[in-house]
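Chemist: Residue strings, one per chain:
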Amino acid sequence: MAHAQEATTFNENESKVNWHDKALWFVRQKRDKAAFNVKGWETLRDLASAIKANVMSNLDIYLEEFEANAIKNGVTVHWAKDAEEHNKIVHGILQKTNVKKIVKSKSMLTEECHLNPYLEANGIEVIDTDLGERIVQLAEEPPSHIVLPAIHKTKEEVDELFQEHLGTKPCNGDPQYLTDEARKHLRNKFLKADAAVTGVNFAIAETGGIVVCTNEGNADMGAHLAKVHIACMGMEKLIPQEKHLGVFLRLLARSATGQPITTYSSHFNKPAPGTEMHIVIVDNGRTEQLSREDFRASLHCIRCGACMNTCPIYRRSGGHSYNATIPGPIGSILSPGKDLTKHSDLPFASTLCGSCSDVCPVKINIHEQLYKWRQIITKDVPQPIVKKSVLKVTGNVLANSKMYDFVGKSSRFMLKHTPRFLVYSKLNTWGKERELPEVKNGNFDEWYKKRKKNE
Amino acid sequence: MKVGLFIPCYINQLYPQVGIATLEVLEKLGVEVDYPMGQTCCGQPLGNSGYESDSIGACQLFVKNFKNYDYIVGPSGSCVYHVKKHFDILEQTDDVKRVRKNTYELCQFIHDVLGITDLGASFPYKVGIHKSCHGLRGLRLGSCSERMDAPYSTEENLLKKVKGLELKTLNRADECCGFGGTFSVFEEAISVKMGKDRVQDHIDSEVEVITGADHSCLMHLEGLINRNKQPLKVMHIAEILNSTL
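Just so you know, the protein sequences line up as chains F and Z, in that order.
For the first sequence, the positions run 3 to 457 when the numbering used here is used.
For the second sequence, the positions run 272 to 516 when the numbering used here is used.
It should be emphasised that the hints constitute simulated quantities derived from the structure, not laboratory data.
Bear in mind that the values here come from a model prediction, so they are computed numbers and not experimental data.
In this text, a Cβ means the ideal position worked out from N, Cα and C, and glycines have one as well.
Some clues are possibly wrong.
What the hints assert, rightly or not - Lysine-lysine pairs mimicking DSS-like chemistry, simulated, CA-CA at most 30 angstroms apart:
{"hint": "1", "chain 1": "Z", "residue 1": "K500", "chain 2": "F", "residue 2": "K455"}
{"hint": "2", "chain 1": "F", "residue 1": "K418", "chain 2": "Z", "residue 2": "K299"}
{"hint": "3", "chain 1": "F", "residue 1": "K455", "chain 2": "Z", "residue 2": "K273"}
Said to hold, decoys possible - Derived Cβ-Cβ restraints for the label pairs, each shown as a range:
{"hint": "4", "chain 1": "F", "residue 1": "Q31", "chain 2": "Z", "residue 2": "P502", "range": "24 to 30 angstroms"}
{"hint": "5", "chain 1": "F", "residue 1": "D48", "chain 2": "Z", "residue 2": "S476", "range": "30 to 36 angstroms"}
{"hint": "6", "chain 1": "Z", "residue 1": "K500", "chain 2": "F", "residue 2": "K389", "range": "48 to 54 angstroms"}
{"hint": "7", "chain 1": "Z", "residue 1": "S476", "chain 2": "F", "residue 2": "K229", "range": "34 to 40 angstroms"}
{"hint": "8", "chain 1": "F", "residue 1": "E159", "chain 2": "Z", "residue 2": "V456", "range": "41 to 47 angstroms"}
{"hint": "9", "chain 1": "F", "residue 1": "H116", "chain 2": "Z", "residue 2": "E477", "range": "37 to 43 angstroms"}
{"hint": "10", "chain 1": "Z", "residue 1": "G301", "chain 2": "F", "residue 2": "K390", "range": "45 to 51 angstroms"}
{"hint": "11", "chain 1": "F", "residue 1": "P172", "chain 2": "Z", "residue 2": "P502", "range": "40 to 46 angstroms"}
{"hint": "12", "chain 1": "Z", "residue 1": "N497", "chain 2": "F", "residue 2": "S391", "range": "57 to 63 angstroms"}
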């Protein structure tokens with residue numbers, strides 16, 4: 003129950019939890035307003051879900067089409083079966099082109115593959131250029147959110163971090179000053195970089211081109227200035243045709259931050275004269291997830307983060323509590339597919355409230371998949387003997403009305419007559435901060451029987 | 272019309288008054304209600320904990336008890352949702368299919384099947400609804416704030432007709448309370464924090480009585496209210512609809 007422990011620690015500072023919750027709820031409300039202004043929002047979600055279902059059912063065909071068109075455009079296409087191969091390919095390209103410094107725009111895939119430490123260990127300077135990512139990079143932390151990587155940090159914390167690493171003056175967390183300083187710092191890095199790594203939001207099979215969405219223009223700045231552009235994409239990022247892009251662009255930014263569209267939705271189709279463009283297509287467990295019928299829809303995800311903003315648990319436990327590259331509800335159905343044992347607590351870090359499924363722009367049935375993972379985990383991952391046996395016995399009791407009646411009566415009797423200090427012992431987790439229900443003199447069965455008799 | 276009354280296990284044992292109110296409300300509306308003895312639980316606590324296979328006996332017993340009714344009505348959205356949604360672990364015989372199709376949450380049954388909204392109740396208090404997630408997003412008892420559908424609410428429609436009742440609007444209309452079955456124990460810190468926030472929203476909105484169609488959520492909220500000695504009362508919607516104060 004690692005998530006529960008992390009969440010308990012996170013909750014020790016209640017005012018910070020309130021702040022975190024409010025910051026994300028603000029984004030969720032912005033999303034509601036933005037979605038409300040789109041006529042036919044629900045139809046758009048249906049359409050996006052259907053397009054993605056088509057892609058997942060014909061992934062092999064679309065991937066080959068994409069590759070052929072990208073090659074035609076003069077792009078070099080690489081295939082990586084896992085994280086290690088992905089990192090080696092990227093490093094190989096950098097070695098070949100004699101690159102020592104790279105700028106990287108936001109890409110959860112490279113986080114998933116742990117590209118930064120790999121390249122740094124090989125003597126390459128990697129600078130994350132998305133402001134939020136740069137902040138967590140300086141703090142030597144992973145992102146706590148996929149769209150708002152540093153949402154767990156207050157502006158005062160950023161102030162201190164910048165003083166330490168960028169030599170800024172203390173400014174009481176003045177966002178204007180801090181952003182200006184970050185801009186100066188990053189501009190210098192952009193100018194000196196030999197290669198740019200970006201993620202891919204959408205890859206279009208029909209054209210062989212890719213689309214990268216940012217709000218800061220940092221992907222463009224990097225890719226346009228450097229001689230080498232390496233775009234890393236998970237193999238599920240495909241859409242069949244250019245005409246489908248509009249569906250997703252309308253949904254993505256609204257779901258993510260409540261903006262009508264990302265500030266930059268940049269199309270990269272071919273290398274500029276004298277430069278190189280590479281695309282690395284990564285599997286890293288995706289084919290396996292595709293093969294799991296109950297969970298394949300998790301690959302529809304367009305990484306908007308709306309499920310995190312809406313999730314009442316994420317908002318109150320923070321992204322790091324999930325201990326996974328993709329936190330929150332979507333991460334809790336993706337991560338067990340990668341490592342069931344390591345992430346076996348995540349599908350339980352939910353009340354199954356279903357808000358994630360309703361907010362999801364591509365209609366992933368997240369909470370239903372959480373329920374399904376739970377059934378698998380209790381079978382495939384060793385469970386505490388006590389929990390397992392208690393639930394087995396409960397199952398037997400509930401299948402037998404006489405036993406149920408007996409257990410019900412005796413539990414109520416015990417609860418009513420046991421002294422308070424025993425009922426509220428350390429073993430009673432419920433009672434730590436909550437009262438137990440007051441036990442009445444009889445149950446409904448007894449009342450009903452009495453009524454029948456008196457009729 | 273033959274209606275079988277489904278009283279979930281925790282309501283039977285801990286909140287008999289909710290079961291009584293449910294039965295009385297239905298009888299007031301002229302419904303012939305029968306309570307099949309020997310019912311236990313829908314199996315939800317096991318299913319949500321990942322032990323759905325251990326609940327097959329309970330699910331079979333549910334079907335056996337209720338297979339001969341035209342409608343099965345219970346005062347708990349989440350239990351009803353479990354029957355409708357998760358009974359696919361059983362072999363889908365005609366009985367199982369019929370039971371799943373005909374099981375209704377109380378408000379839904381009154382509102383959608385009987386077509387009644389005014390029950391002649393009166394309850395002169397300021398009331399806030401805790402819209403429980405399984406009722407809302409599972410059974411669609413109302414529109415959800417995430418979806419851009421036309422707004423509606425089964426519970427609100429019923430409560431609006433209660434004389435003297437002042438329905439309060441909350442800041443977060445449909446946020447989860449954090450109960451979540453065994454979640455309330457295994458993720459105790461978050462569960463408590465979510466519940467506290469939910470209670471605070473009602474206090475901030477000047478609510479006197481929190482109601483809802485799921486007493487499990489209300490049990491969690493009541494536990495916090497009582498521990499923290501907060502000036503709020505918790506009542507199941509059946510108790511309010513049965514009230515003639």
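Chemist: Evaluate each hint against the coordinates.
Modeler: Verification of the hints:
For the given pair, Z/K500 sits about 40 angstroms from F/K455 by alpha-carbon distance, which is inconsistent with the 30 angstroms threshold. Only pairs whose Cα atoms come within 30 angstroms are accepted, and F/K418 paired with Z/K299 is rejected, the gap being roughly 33 angstroms. Distance hint between F/K455 and Z/K273 is fulfilled; the C-alpha atoms sit about 21 angstroms from each other, no more than 30 angstroms. Between F/Q31 and Z/P502 the beta carbons are some 29 angstroms apart, a value that agrees with the proposed interval 24 to 30 angstroms.
At about 35 angstroms, the beta-carbon gap between F/D48 and Z/S476 stays in the expected band of 30 to 36 angstroms. For Z/K500 and F/K389, the Cβ-Cβ distance of about 33 angstroms falls outside the hinted range of 48 to 54 angstroms, so the restraint is violated. Restraint check, Z/S476 to F/K229: a C-beta distance of roughly 60 angstroms breaks the suggested window 34 to 40 angstroms. Judged by the Cβ atoms, the range 41 to 47 angstroms given for F/E159 and Z/V456 is violated: they are separated by roughly 33 angstroms.
As the Cβ distance of F/H116 to Z/E477 is approximately 51 angstroms, the hint placing it in 37 to 43 angstroms is violated. Taking 45 to 51 angstroms as the suggested C-beta distance range, the pair Z/G301 and F/K390 conforms, at roughly 48 angstroms. Checked against the hint of 40 to 46 angstroms, the pair F/P172 and Z/P502 passes, with Cβ atoms roughly 45 angstroms apart. Range check, Z/N497 to F/S391: about 31 angstroms between beta-carbon atoms, so the 57 to 63 angstroms window is missed.
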